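Visitor: For chain A, the structure is supplied; the task is to place chain B on it using the hints.
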Amino acid sequence: MTRNEETGQGLADATLARACRTAAVTVFVSTLLLLMLLHAAPAAHAAEVRVVIEDVRSTSGVLRVQVLTATDAGEGPTVAQLRLPAVKPQVRATLHDLEPGRYAARVHHDLDGDGEMATNLVGMPTEPWGVSNDARGRFGPPPFQDMVVEVGVDGGELRMTLVH
Amino acid sequence: MKRRDVLQLALTAAALAPLGRFAFAATGDAWEAAFLDAMADEPWLLGYLGCDDRTFEAAAEVTGSWPAALRGSLYRNGPGMHSLGGWRYRHLFDGDGLVQAWRFGADGVNHQARLVATHKLERERAAGRRLLPGFGSLPPDAVGVTGADDLNPANISVLPHGDRLLALWEAGSAWALDPKDLTTEGLVTFSAETRGLPFSAHPRLEPDGTLWNFGYLASADKLVLWHFAPDATLKRVKVLDVPRVGMPHDFMVTRHHLLLLLPPLYPEPGVDADTLLDSLRWHSREATRVLVLRKADLEVAGEMELPAQWVFHYGNAWEDEAGVIRFDAARAPDPLLMTESFRELMRGADADFTTSAARPYRYRVDLRAGTAVEEPFADMLGEFPSVLPRHVGRRHGELVMLGRHAGDQPRHDGLDRVSVFDLEREIESSWRYPDTEMPEEHLPVEAADGSRWLLGPALDWASGYSLLRVFRLEDVAAGPVATARLPYAVPLGLHGRFLAG
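Here the protein sequences come in this chain order: A and B. FYI, in our numbering the residues of the first sequence are 254 to 417. FYI, in our numbering the residues of the second sequence are -5 to 495.
None of these hints come from the bench; they were simulated from the model. Keep in mind the model is a prediction, meaning the values are calculated, not measured. Be a bit skeptical, because a hint or two may be false.
Stated by the list, open to error - Below, a sample of chain B positions facing chain A; criterion: calculated Cβ distance under 10 Å: (1) Pro134; (2) Val137; (3) Gly138; (4) Thr183; (5) Glu187; (6) Leu191; (7) Ser213; (8) Ala214; (9) Thr227; (10) Leu228; (11) Lys232; (12) Leu300; (13) Pro428.
Stated by the list, open to error - The following residues of chain A were derived to be distant from chain B, with all beta-carbon distances above 10 Å: (14) Ala299; (15) Thr324; (16) Gln343; (17) Asp350; (18) Arg355.
To be verified - To spell it out: a stretch of chain A is covered by chain B in this simulated footprint if at least three of its residues, at any positions, have a beta carbon under 8 Å from a beta carbon of chain B; those stretches are: (19) 304 to 316; (20) 367 to 376.
The C-beta atom is built at its ideal place from N, Cα and C for all residues, glycine as well.
So here's chain A without its partners, still in its complex pose (with noise of 0.2 Å):
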């Protein structure tokens, strides 16, 4: 895995323009988070999206967020991918043109910035982590469509508690 040498830069409360409608921009790896990467068909009716990360402990490394669409199946295609720099106590960040619809995210703070989550001896993760809603599981992974936030015309909140 190659070093990301990019360091953290923007205001916490970065306002990512048309961010990533396409296709992933940055290579978003981990063992817990695994990608889809597929298109988003254009906007109908655009919608703001705030990303709000708590409890961010340190500033080493960068935040990565994956934003992804919700099927009643459970996981749809991603639509956003970024990567914030890391501020204490909170990070934010605005999507912009985000079609209506139902959504969940996940965050990641790479505190080494090596592009991967850092696991224990048995793959458990020992990065910060979080999901929409804080959805935890029982004894296991949080359900997905407990993570997932309905974003009306007016816009929504993808809201995230780092699990340290």
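Guide: Structure of chain B alone, referenced to chain A:
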């Protein structure tokens, strides 16, 4: 158990006050109410009432002749707080860890006890109610979890390690405490790649200071092995794939091997259970596997089979020149004590504590022949086996256990005597506790001058105070040489370690 028509001893409000501020408060929880109701008839249940959110501190009143050379600290742990916000846990093993220190110094015997400030307890304190599921309890409106340490109550055992005191659970990380005042320092991470790996409550400390431990991941069928140098630095960690590993509670070391039994109790795949306990199934027709691992490379050296059985605790293992391993254990026919009785106990229900109780057994494992055999060595109930620290992994001359003889009829449902087995001469010496006391794990220890003692905590449930007795290891039958008594009752604990000095 048959509820006996015991003389109902008046538990004074003064005796109960330290244990639970809500003891007689109205509560909407049926289990809390049922337990308090049962305790009125069975006052020994005081040992399982649980404490409220407080610390304990007192100088003990010593009677008899405390051995001058016996200086140091006996640290103990066990589930302490069973109820919070009027809701009572549904299993004995869920209460928040209450770590105790009995300190024997120039100023006499002093006692201190404090709840481990785990992540779960801090969250629940803030909420004023239970939030996290436990091993066998699911509180109303429980929150979800992201990993085992979310619900880690650090409530089984303790281990002095380096300059820290570790409070141990078995399915998650160790918690570090300051041994001087028992305040909580935080979750222990030995290395980045081992963060969050399970660290069992029964590490084995060899006489040279080498420390071994294991951990199980029941749902992932993995066994973690830990090896620490005498200076407490982590030397090796290995994760092995072990099908149906289940939830082994204890293990053993010999000169060249690590050894553990794998009883056929493991989570049923696909079962949508409320708790881990509810997901476990007992496969009585399957073998209990004996897993032997080489210390040298932490690989499997052999796997033998024994009849289905449940073992919480082993005494000690050692191997002879021919490579034959011998060990002793407290062997139960099945895990019903844990899966049923320790659940029923929490609502004070009549539960059978004897049918599935453990008995003293000894085993012989021949790696070359690939055989494992077992036999009972004393006709009695027996649990909490322990040996002198200098005998861990070596041939041990004596074994200490709590016991109950067939004729014993104490006025409580627990074990009622402490036994010291002379394994060479096959002689049992024991001292029976007064009817109104329940003994806890007794540990054989050595004082600085080499004298050998037996440290015996107990609860006098009739009077409502906890105590610690000291016996001569060589003559337990003569009774205690000294007794240190506290002005309060502490919930019955599980396991401890003595640190001389």
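Visitor: If a hint holds in the structure, say so; if it doesn't, say that too.
Guide: Right, here's what the structure says about each hint:
no.: 1; hint: Pro134; verdict: 15 Å, violated
no.: 2; hint: Val137; verdict: 7 Å, holds
no.: 3; hint: Gly138; verdict: 2 Å, holds
no.: 4; hint: Thr183; verdict: 9 Å, holds
no.: 5; hint: Glu187; verdict: 5 Å, holds
no.: 6; hint: Leu191; verdict: 6 Å, holds
no.: 7; hint: Ser213; verdict: 7 Å, holds
no.: 8; hint: Ala214; verdict: 6 Å, holds
no.: 9; hint: Thr227; verdict: 18 Å, violated
no.: 10; hint: Leu228; verdict: 12 Å, violated
no.: 11; hint: Lys232; verdict: 8 Å, holds
no.: 12; hint: Leu300; verdict: 28 Å, violated
no.: 13; hint: Pro428; verdict: 44 Å, violated
no.: 14; hint: Ala299; verdict: 33 Å, holds
no.: 15; hint: Thr324; verdict: 23 Å, holds
no.: 16; hint: Gln343; verdict: 20 Å, holds
no.: 17; hint: Asp350; verdict: 33 Å, holds
no.: 18; hint: Arg355; verdict: 20 Å, holds
no.: 19; hint: 304 to 316; verdict: violated (count 0)
no.: 20; hint: 367 to 376; verdict: holds (count 4)
When each numbered hint is compared with the structure, violations occur for hints 1, 9, 10, 12, 13 and 19.
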